[in-house]
Amino acid sequence: MSAESSGVFTLKEINRIKIIQDVIERRITTRRAAEHLGISDRQCRRLLARYREGGPLGMASRRCGMRGNRQLPPGLADQALELIKTRYADFGPTLAREKLEELHGLFLGKETVRRIMVRAGLWVPRKQRAARIPQPRYRRPCTGELIQIDGCDHDWFEGRGPACTALVYVDDATSKLMELLFVKSESTFSYFEATRRYIDKHGKPLALYSDKAGVFRVNNKHATGGDGHTQFGRAMHELNIQTICAEGTVAKLAMRQPFVLFKGLTFQKLCLPGAFRPGDHHNKMLRPGLCVVHASPQYL
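Numbering (full-length UniProt numbering), first residue to last: 1 to 300.
Hints should not be assumed to be uniformly reliable.
Here are the simulated lysine-lysine pairs, DSS-like style, with alpha carbons at most 30 angstroms apart [claimed, not checked]:
| # | residue 1 | residue 2 |
| --- | --- | --- |
| 1 | LYS184 | LYS201 |
| 2 | LYS184 | LYS212 |
| 3 | LYS110 | LYS99 |
For the record, the hints were derived by calculation from the structure and aren't laboratory data.
Given only the sequences and the hints, what does the whole structure look like? Please build it.
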């Protein structure tokens, strides 16, 4: 049923009728009407002629109620849906479209197949999917069972010395700072030194919890040599210490939280009283009681 027979107009057509009526009643000129409608002056005169010829019904779109030029042939959507239900119900829209074209000779667009599958309940759009709630990783029950390790580059000495990297070992059960070591860079040998210092003071932990840096994990997917472990990973395996890499954004952010606290500490709180000389070693200036300070739970 067309708009001319039903008398139903869209908001755009109603706005056009009002503006054309203003032109006929000489409230505005055709040029001003064309500016309001966003069309040329010639097109505005054509609309004016259609209104004078057929009245308001003459302003309706002449294609209203007609078959769209890009509409699918009759039965094609039903045929594609039947094939998807019987053979490709667990496929995504992109793969289903490829199989329909490759095996059945049905040439459909990816979004067309997506709409067909959504209407049939075979596919759920991403915006309508239930949000995935990450499961919390609960703390280990015992001290020394799991140690969180990470490094951070920062101007820790506020210009009194060169910028360096702080390697931090935090106990997962108690949020206790177990070891802090300043090094030139976050490397395998630096972590060897920090781990040795930790073991000398506290003994072997059951596991180390780290990020996915190259020290702890082989990130090259096309690596041809080795057994899939880094030098640090092999050394921990020999010591019977498990290495765990953080998975997911939430876990990775949790690994960085201790540094929010440590960066807030001033140079005077980190170091012994007295002037700092550029030749001094950073780790000799740490306060003796620093490595028994508890980090606030809100940061860990």
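How the hints compare with the structure:
Of the pairs offered as hints, the one joining LYS184 and LYS201 holds, with about 22 angstroms between alpha carbons and a cut-off of 30 angstroms not exceeded. This hinted pair checks out: LYS184 and LYS212 have alpha carbons roughly 20 angstroms apart, not beyond 30 angstroms. At most 30 angstroms may separate the alpha-carbon atoms for a hinted pair to count; LYS110 and LYS99 meet this at roughly 11 angstroms.
Every hint, counting from the list given before, is met by this structure.
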